[in-house]
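J.: We have chain D; now place chain E onto it with these hints.
Residue numbers (the working numbering), protein chains in the order written: chain D, 4 to 397; chain E, 4 to 397.
Read the hints as simulated data drawn from the structure, not as lab findings.
Keep in mind the model is a prediction, meaning the values are calculated, not measured.
Just so it is clear, CB atoms sit at the ideal spot from N, CA and C, and this is done for glycine as well.
Any given hint could turn out to be false.
In the DMTMM-like style, the derived pairs of lysine to aspartate or glutamate whose C-alpha atoms are separated by at most 20 Å in a straight line are [stated by the list, open to error]:
| no. | chain 1 | residue 1 | chain 2 | residue 2 |
| --- | --- | --- | --- | --- |
| 1 | D | Lys145 | D | Asp195 |
| 2 | D | Lys63 | E | Asp5 |
| 3 | D | Lys291 | D | Glu372 |
| 4 | E | Lys115 | D | Glu94 |
| 5 | E | Lys298 | E | Glu316 |
| 6 | E | Lys8 | D | Glu290 |
| 7 | D | Lys13 | E | Glu50 |
| 8 | E | Lys122 | E | Asp96 |
| 9 | E | Lys8 | D | Glu94 |
Here are a few chain D residues that sit away from chain E, every Cβ distance over 12 Å (derived from the structure) [to be verified]:
| no. | residue |
| --- | --- |
| 10 | Ser7 |
| 11 | Gln309 |
| 12 | Val352 |
| 13 | Leu373 |
Number of protein chains: 2
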Amino acid sequence: MDVSKPDNFKVSLDVIEKTMTGAGPSNYHPRIRQAMSLPVLGHLHTETLKIMDDLKEGIKYLFQTRNSLTFCVSGPGHAALECALTNLIEENDVILIVCSGIWGTRAGNIAKRLNANVKMLYKHVGEQVSLKETRECFRMYKPKIFFMVHGESSTGMIQNNIEDYGNLCREFDCLFIVDCVITLGCTPLFVDKWKIDIAYTGTQKVLNAPPGISPITFSQRAYDKIVMRKSLVKSYNYDAILLGEYWNCFPLRPRIYHHTICSSLLYGLREAIAIFIENGGLEASWEKHGKVTRKFHSILEKNGLQLFIENAENRCPSVTSIKVPDNIDTHKIISYAMNKYKVEIGNGVGMTLGKIFRIGLMGVNCKDELAERVANILIEAIRAIENEKVVSKI
Amino acid sequence: MDVSKPDNFKVSLDVIEKTMTGAGPSNYHPRIRQAMSLPVLGHLHTETLKIMDDLKEGIKYLFQTRNSLTFCVSGPGHAALECALTNLIEENDVILIVCSGIWGTRAGNIAKRLNANVKMLYKHVGEQVSLKETRECFRMYKPKIFFMVHGESSTGMIQNNIEDYGNLCREFDCLFIVDCVITLGCTPLFVDKWKIDIAYTGTQKVLNAPPGISPITFSQRAYDKIVMRKSLVKSYNYDAILLGEYWNCFPLRPRIYHHTICSSLLYGLREAIAIFIENGGLEASWEKHGKVTRKFHSILEKNGLQLFIENAENRCPSVTSIKVPDNIDTHKIISYAMNKYKVEIGNGVGMTLGKIFRIGLMGVNCKDELAERVANILIEAIRAIENEKVVSKI
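The following block holds chain D by itself, in its conformation from the complex (with noise of 0.2 Å):
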């Protein structure tokens, strides 16, 4: 042979239990855990296909629409804002995206793949964008495409009045794609009343379930679109109208094999569901996520750290951002907690690395005793870690 057998395998796979509060993926519940160990199932079996049918209905609710054309994407939550963009663009196709963290400027990363006329509406990291400044951009640029994130994960930020956003997209003819990828159960979202085209979201954050298989919803305004495109969309894997045929979107179209989806992912994602709705469903989640968080915050706040998202209202319940204190390595931080209590502290990413703490307190990983105990500890980290720098300094 001209490779040999590697030696890596002669070790057993061992995974520890870590308590997963950075910002996902979060915990899965141990009923998770379980559907993810039963046996595959064919990608046309009939069964697959009934899980299929269960969780379009299940993904229609959390997103509260009646889209027909509701799925997910085979792949992680990148690829379903792959999927959003590379339907909808076409070139020179002028899409405006505001951008105030990462997802915006990888929106923009994709949509100038696509020779998109690509206009960003930058703003400072954690900062909302206003009706007016966004108005004056459609004004300008005559927008086709509106890309906004709704709870952006890098900053802990979520932007309010996301439907004031949708009567603007209709009144100059735009569509109107929302990332909802760590908003989704935490805070309301009402796709169909707040006039989203295109909302996505992954499954490893509130949802508790394994990442990998991505929720995405698409209006009649953007199936139009689609359908009237005049070249091709980009990619097979994210053809949304050939998705719709293998989820069986359009009742009157024969069901079609568009690629071997994971069973077990689609078995994880449909216990999350049940899960989700078992306990109260959208509103008593909504509930939760605000009244933890809050705790959360106040806990922290009383001890002297200092929230990035200054105004309350401006917070996303899922994903709390926190100023990492002066001379402090958010490193050090996260190893402390991590090694000694096998606690999940994030760093910041992008534009926020080493400046905040991201905690994640989402769906199981959200409660009262949970949100203390990493507060706690969080609180503990930073003490022990000035305190070494103190003794270094003698």
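T.: Frame of chain D; chain E shown alone:
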């Protein structure tokens, strides 16, 4: 609420174990099911990165390559195919695609989306291409990229002498992509020795791992073409350079965050490769698949069934295609086997739909007893359906 909670989730998830002897996915080994139930890890956790490093070594061994740009795409086998094409193709690039089943058609579909100048070398379904006619096409079209399927799952045919085509590609300064989805692990494949520039595979065939994470490898020549591109790769998710940076394929560059990988799928694949190596690795697996499949074929032929691929040398040792006897409805046979025995017999797909049965004996499913059992069930089912027709005629 605009959309109320769906009732679908009141019924618990219930998945029965089937004998997965269609064209894939194949059954998980119990250890893989165990691995899938392990706790989730983050996409940049030390343990996750170690598993990814292990996987790279495992994949290099399986592909028999030393390519440093070797990783997995987070998506099904189709995603790996799209990753191969989307990184190599620039507008108007001539790509020559051999097509004698659905995979050539699929590659052509994707290449057209990317505005390649697509030249198809069509063969009858199940017929091999010859080096001579390929060379003529090379002379005529001067392709920059050549695409060939090693084992065509829609027909059960294996393309012999891949090495000759590697040499041809070098002669014409053309890049060579080979689809190894159903061949990896069941029959000799030497990516480096055979001068293949991109090879990719699926995990749900011979490896018995979950689908959704697909190994791919790029040669230095493929890498050079990608970095010399004049236009951006049309996809962020499939951008091989960014994926290589996440998978730490470039030792001198820092590891980046690219997307949230599904740790559960990594566990499943790692366990699958560990089992594959423990069972003797490539040579043992090649021998087993050859032997069991020959036995399977001989039982079928003894019972009057005809194999679809006439020349024994052109039969793929993982997926067997069997001609459907005259006037037999494949759906009835497939339902009979599934309902009575929970054993999967695959239908044809694309041009072969209703014309062949496809049976896969892959990895843990590749054993004499199962070969006998599935052959007997197929024969029983055909007789039962034939008798049913006789009775209904009377």
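J.: Looking back at the hints listed earlier, which ones does the structure fail to meet?
T.: Violated hints: 1, 9, 10 and 12; rest satisfied.
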